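Below, each chain spelled out in residue letters.
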Amino acid sequence: QVQVQQSGPQLVRPGASMKISCKASGYSFTNYWMHWVKQRPGQGLEWIGMIDPSDSETRLNQKFKDKATLTVDKSSSTAYMQLSSPTSEDSAVYYCARGDYGNHVGFPYWGQGTLVTVSA
Amino acid sequence: DIQMTQTTSSLSASLGDRVTISCRASQDISNYLNWYQQKPDGTVKLLIYYTSRLHSGVPSRFGGSGSGTDYSLTIANLEQEDIATYFCQQGNTLPWTFGGGTKLEIK
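Chains as they are written, first to last, in the working numbering: chain A, 1 to 120; chain B, 121 to 227.
Read the hints as simulated data drawn from the structure, not as lab findings. Computed from a prediction, not measured in an experiment: that's the story for all the values here. The hints are all genuine.
Here are the computed lysine-lysine pairs in the DSBU-like style, where the Cα-Cα straight-line distance is at most 35 angstroms:
1) A/67 to A/19
2) A/63 to A/19
3) B/165 to A/67
4) A/23 to B/223
5) B/227 to B/159
6) B/227 to B/165
7) A/23 to A/67
8) A/65 to A/23
9) A/23 to A/74
10) A/23 to A/63
11) B/165 to A/74
12) A/23 to B/159
13) B/223 to A/65
14) A/74 to B/159
15) B/159 to A/65
16) B/165 to B/223
17) A/65 to B/165
18) B/223 to A/67
19) B/159 to A/19
20) A/19 to B/165
21) B/165 to A/23
22) B/165 to A/63
23) A/19 to A/74
24) A/19 to B/223
25) A/63 to B/159
26) A/19 to A/65
27) A/63 to B/223
28) B/159 to B/223
29) A/67 to B/159
30) A/74 to A/63
Using the sequences and the hints given, assemble the complete structure.
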């Protein structure tokens with residue numbers, strides 16, 4: 001069955017580098033785009049961007065163009081999101097979610113979420 | 121960006137009730153409207169895609185309808201396990217955007 005497994009919670013110092021991983025299984029990793037979504041405490045969901053694992057083509061929400069970098073490792077079926085120069089505004093739960101054909105019809109498979117806390 | 125508005129942020133209903141949650145887009149999204157359920161533990165699941173199509177494994181008491189800018193999610197015969205927050209999301213135009221969510225509670 002399709003599974004998307006994320007890395008564990010992180011405590012990050014402001015300005016330090018951080019990276020979240022998202023390991024996919026149960027399907028052909030290169031056939032579907034992977035999406036990333038942010039949720040601040042008590043808030044709604046915000047789409048960060050998506051990456052095509054077959055060729056690493058990336059589409060980012062302009063709001064995150066200077067913040068998020070999306071990459072993949074096809075050999076391990078793992079997607080990554082790196083956040084640059086984290087601030088308290090980046091403290092949130094981050095989800096990865098597999099898209100579906102065309103990406104217009106939602107994200108049928110979600111990871112469990114990764115809590116990122118940015119604090120000195 | 122397309123703005124998605126869920127005017128009801130919280131809703132209280134009784135077990136067995138029929139519940140309707142609404143979502144409005146700032147422009148026509150051509151039925152590319154998806155609904156998600158987020159449980160209190162943070163787990164997110166796709167319920168409905170393309171306005172009214174049920175995702176695999178979702179109980180038939182969930183249904184969706186709408187067109188243009190106005191859409192709704194209906195839950196027939198509310199069950200305890202339906203306690204969650206529900207989000208709409210448009211898939212018509214990048215960036216994909218979500219509504220603010222409607223938290224469903226038991227009366």
